[in-house]
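Visitor: Here is what each chain is made of, one letter per residue.
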Amino acid sequence: MKKNKMSKSKKIDAVITYTILIAVCFVFFFPVLWLIMASFSKSGSIYDLNGFFPKSYSLGGYIKLFTDTNMYDYPNWIKNTLFVSIGSSVIGTTLVILTAYTISRFQFKSKKVLMKSTLILNMFPSFMGMTAVYLLMVNFGLINQLWSLILIYAAGAPMGYLVQKGYFDTISNSIYEAARMDGASNFRIFLRITLPLSKPIIVYTALTSFAWPWSDFILPNLLLKKKDMWTVAVGLMHLDETQFTRFAAGSIFIAVPIVILYFCLSKFLVQGVSAGAVKE
Amino acid sequence: MNIKEKLKKIKDILLHSPLPVKCSICIMGTGQLLYKQWLKGITYLAIFGAMIAYMVMYGVTDIKGFITLGTTQAEPWLGTTGDDSVLMMLRGLLTFIIIIVFLTVHISNIKDTLNIMNILKSGKKIPSLRKRFGYIMDKKFYVVALAVPVIGVLVFNIIPILFMIIISFTNYGGDIVPPKLVDWIGFGNFVKIFGLSEIKQTFVKILSWNVVWAVIATFLNYFGGLALALLLNKKCVKGKTFWRAFPILAYAVPGFITLLAFKFMFSYGGPINYYITSAGANAVGFLDIDAGITAKVIGLLVNAWISIPTSMLLATGMLSNINTELYEAASIDGASSWIQFRKITLPFVIFATTPVLITSFIGNFNNFGVFYFLRGGLYMDGYFLASDTDLLINWLYNLSIDNNYYGIGAAVSLIIFIITSIFSLIVYINSSAYKKEDTFR
Chain P
39 MKKNKMSKSK KIDAVITYTI LIAVCFVFFF PVLWLIMASF SKSGSIYDLN GFFPKSYSLG
99 GYIKLFTDTN MYDYPNWIKN TLFVSIGSSV IGTTLVILTA YTISRFQFKS KKVLMKSTLI
159 LNMFPSFMGM TAVYLLMVNF GLINQLWSLI LIYAAGAPMG YLVQKGYFDT ISNSIYEAAR
219 MDGASNFRIF LRITLPLSKP IIVYTALTSF AWPWSDFILP NLLLKKKDMW TVAVGLMHLD
279 ETQFTRFAAG SIFIAVPIVI LYFCLSKFLV QGVSAGAVKE
Chain G
545 MNIKEKLKKI KDILLHSPLP VKCSICIMGT GQLLYKQWLK GITYLAIFGA MIAYMVMYGV
605 TDIKGFITLG TTQAEPWLGT TGDDSVLMML RGLLTFIIII VFLTVHISNI KDTLNIMNIL
665 KSGKKIPSLR KRFGYIMDKK FYVVALAVPV IGVLVFNIIP ILFMIIISFT NYGGDIVPPK
725 LVDWIGFGNF VKIFGLSEIK QTFVKILSWN VVWAVIATFL NYFGGLALAL LLNKKCVKGK
785 TFWRAFPILA YAVPGFITLL AFKFMFSYGG PINYYITSAG ANAVGFLDID AGITAKVIGL
845 LVNAWISIPT SMLLATGMLS NINTELYEAA SIDGASSWIQ FRKITLPFVI FATTPVLITS
905 FIGNFNNFGV FYFLRGGLYM DGYFLASDTD LLINWLYNLS IDNNYYGIGA AVSLIIFIIT
965 SIFSLIVYIN SSAYKKEDTF R
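Line order of the protein sequences matches chains P and G.
Following my numbering, the numbering of the first sequence begins with 39 at its first residue and continues without gaps.
Following my numbering, the numbering of the second sequence begins with 545 at its first residue and continues without gaps.
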């Protein structure tokens with residue numbers, strides 16, 4: 039279609055479309071931009087900002103984040119968060135992939151029972167289990183332990199196997215049958231055929247099960263009462279208005295890697311989200 | 545096989561099976577020993593012995609303790625240690641689980657003896673242990689693969705939930721925490737929630753706001769995301785990846801950061817109040833205890849900001865699945881783009897996303913984060929440990945974590961479960977993936 043042939047109504051339509059688009063993107067971008075600007079504010083308190091904009095800019099917020107660690111030990115929070123996130127991502131992904139693959143691939147007697155019971159379990163508010171987990175942990179003295187967080191996250195991960203099962207369902211059965219004919223054992227098939235075929239879903243699973251502990255606050259807030267055990271989420275929650283620059287800098291610092299990760303993997307993300315939705 | 549046939553079969557096994565099978569039914573492992581399956585027999589026998597030892601040493605007292613929940617209270621003045629009711633509940637629960645596990649092992653033991661009997665009857669040789677091991681690793685791959693996940697879910701999901709259900713029938717919480725003795729009170733907590741004036745009023749108010757919140761939030765997020773996806777999908781929009789990056793940015797920033805940032809934005813010292821005060825007006829407490837409807841609206845908008853990108857991604861995926869020939873045919877027939885949208889796009893997207901719509905309804909119903917961060921920990925007059933924006937899940941948190949009302953909290957969570965399970969059941973029973981599990985093959 040040539041431009042000069044474009045009708046007037048189409049031009050108006052395009053103008054309106056772009057206006058709305060710019061407005062929407064501004065709404066989504068502005069809070070983030072505000073945080074970024076605030077993180078470079080010279081003064082620490084929110085009261086010293088000129089509305090959305092700092093009076094003067096400096097890198098002080100970031101430097102303080104890593105040097106002034108007496109009250110708020112940010113490097114330590116990062117260390118704890120990384121430990122918990124990586125641990126639960128590795129164990130959780132393994133368990134989810136194994137569960138989803140097995141349920142998708144094999145026909146066995148207790149399969150329906152298993153699927154139905156996960157459905158019922160998923161209906162309980164996740165929070166309900168958490169209060170009980172808290173009570174259990176208190177009673178067994180497992181509070182203030184980072185690895186107990188990893189255990190809880192990883193153990194809960196197989197409950198969300200449906201997205202991954204949906205993916206495995208799309209792999210044709212004939213590949214497996216051919217391999218069986220050649221005498222490969224089920225374990226070998228899983229290693230040699232299934233895993234290489236399911237890279238996208240593994241990446242998706244690893245990313246989501248990394249991001250969940252990375253940004254969760256309920257469980258760490260419940261179970262980590264000691265200050266030197268805090269994760270980033272718990273630590274940032276304890277910053278008040280006078281520590282606003284520190285909050286902004288700390289937030290930007292942990293948000294940047296995860297945002298980059300999401301953008302690099304946005305292709306998988308759309309696939310993963312929609313695959314799960316269609317099959318759920 | 546119906547129940548009658550099953551019973552007949554069991555009766556048949558009990559009466560007419562050979563001695564080893566009968567032995568195995570009475571004492572685990574003896575049947576295998578009589579069939580000269582030494583290792584298996586000894587293992588089963590050892591489990592049987594361990595179980596009896598456990599029951600004698602702990603099991604019986606634990607079950608007794610579970611029933612009484614303790615009889616002697618600790619007297620610090622006299623220096624006597626009393627019973628810890630919560631520990632007794634837990635140990636009782638564990639004993640019940642151990643008994644159930646034992647029974648399944650016992651059944652597997654009986655089945656195993658029957659299996660050996662059948663093999664011998666048909667005159668074949670009993671496969672060696674090594675062969676059997678290989679068989680289990682390969683043919684029963686699913687058992688091996690699912691063992692760890694199932695145990696994990698049992699320990700970290702099922703036991704806590706069972707524990708919670710148990711607690712909801714006790715008076716645990718408030719002043720009554722160990723060393724004081726906890727008692728069974730039957731449906732007492734539920735009677736309180738549905739009958740006692742202040743708790744009941746709070747419950748009714750929170751529940752009605754919770755439903756309103758979930759409905760509005762779901763529609764806002766869903767149609768917001770759909771509208772955004774359609775906007776980005778328009779032919780005249782160039783550089784879709786660029787535009788799409790902004791919502792994805794919002795999607796990628798961890799939720800707690802967004803929520804805390806918005807809290808700062810609407811706080812007294814925040815930028816919005818800065819402009820209000822520099823215009824000469826008084827600062828507005830957007831999220832104060834008496835903020836009323838403002839706080840609710842802010843909550844809805846903030847939630848939309850967080851959730852619209854997700855539903856946009858979803859809708860984008862859906863839109864790319866629509867058959868473009870439909871549109872071409874419609875254009876030839878002279879349908880305007882509005883009619884095309886109404887007759888092709890909308891029905892398709894709504895059809896494809898109905899399950900998501902209902903899951904997101906449940907997600908919003910149990911949306912803990914928004915009001916926890918924006919104005920958590922506020923208690924209003926006329927509410928029992930809650931404020932007017934709190935959802936049931938926030939109330940549950942206030943009750944059980946902040947104020948130790950474990951019993952009532954557990955009862956509230958059971959009620960939430962009943963409400964959400966009704967919705968979930970509708971979703972899952974109607975979802976095509978569940979009905980036709982294997983049609984995608």
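Simulated from the structure, these hints should not be mistaken for laboratory data.
It cannot be assumed that every hint is accurate.
[Said to hold, decoys possible] Once the Cα atoms are required to be at most 25 Å apart in a straight line, the calculated BS3-like pairs of lysine-lysine come out as: (1) P/Lys-46 / G/Lys-779; (2) G/Lys-655 / P/Lys-149; (3) G/Lys-548 / G/Lys-566.
Visitor: If a hint holds in the structure, say so; if it does not, say that too.
Guide: Hints, one by one, checked against the model:
With a CA separation close to 16 Å, the supplied pair P/Lys-46 and G/Lys-779 stays within the 25 Å bound. Restraint check: the Cα-Cα separation between G/Lys-655 and P/Lys-149 comes to about 20 Å, which is no more than 25 Å; the hinted pair holds. Annotation: proposed proximity of G/Lys-548 to G/Lys-566 holds, straight-line Cα distance about 22 Å (limit 25 Å).
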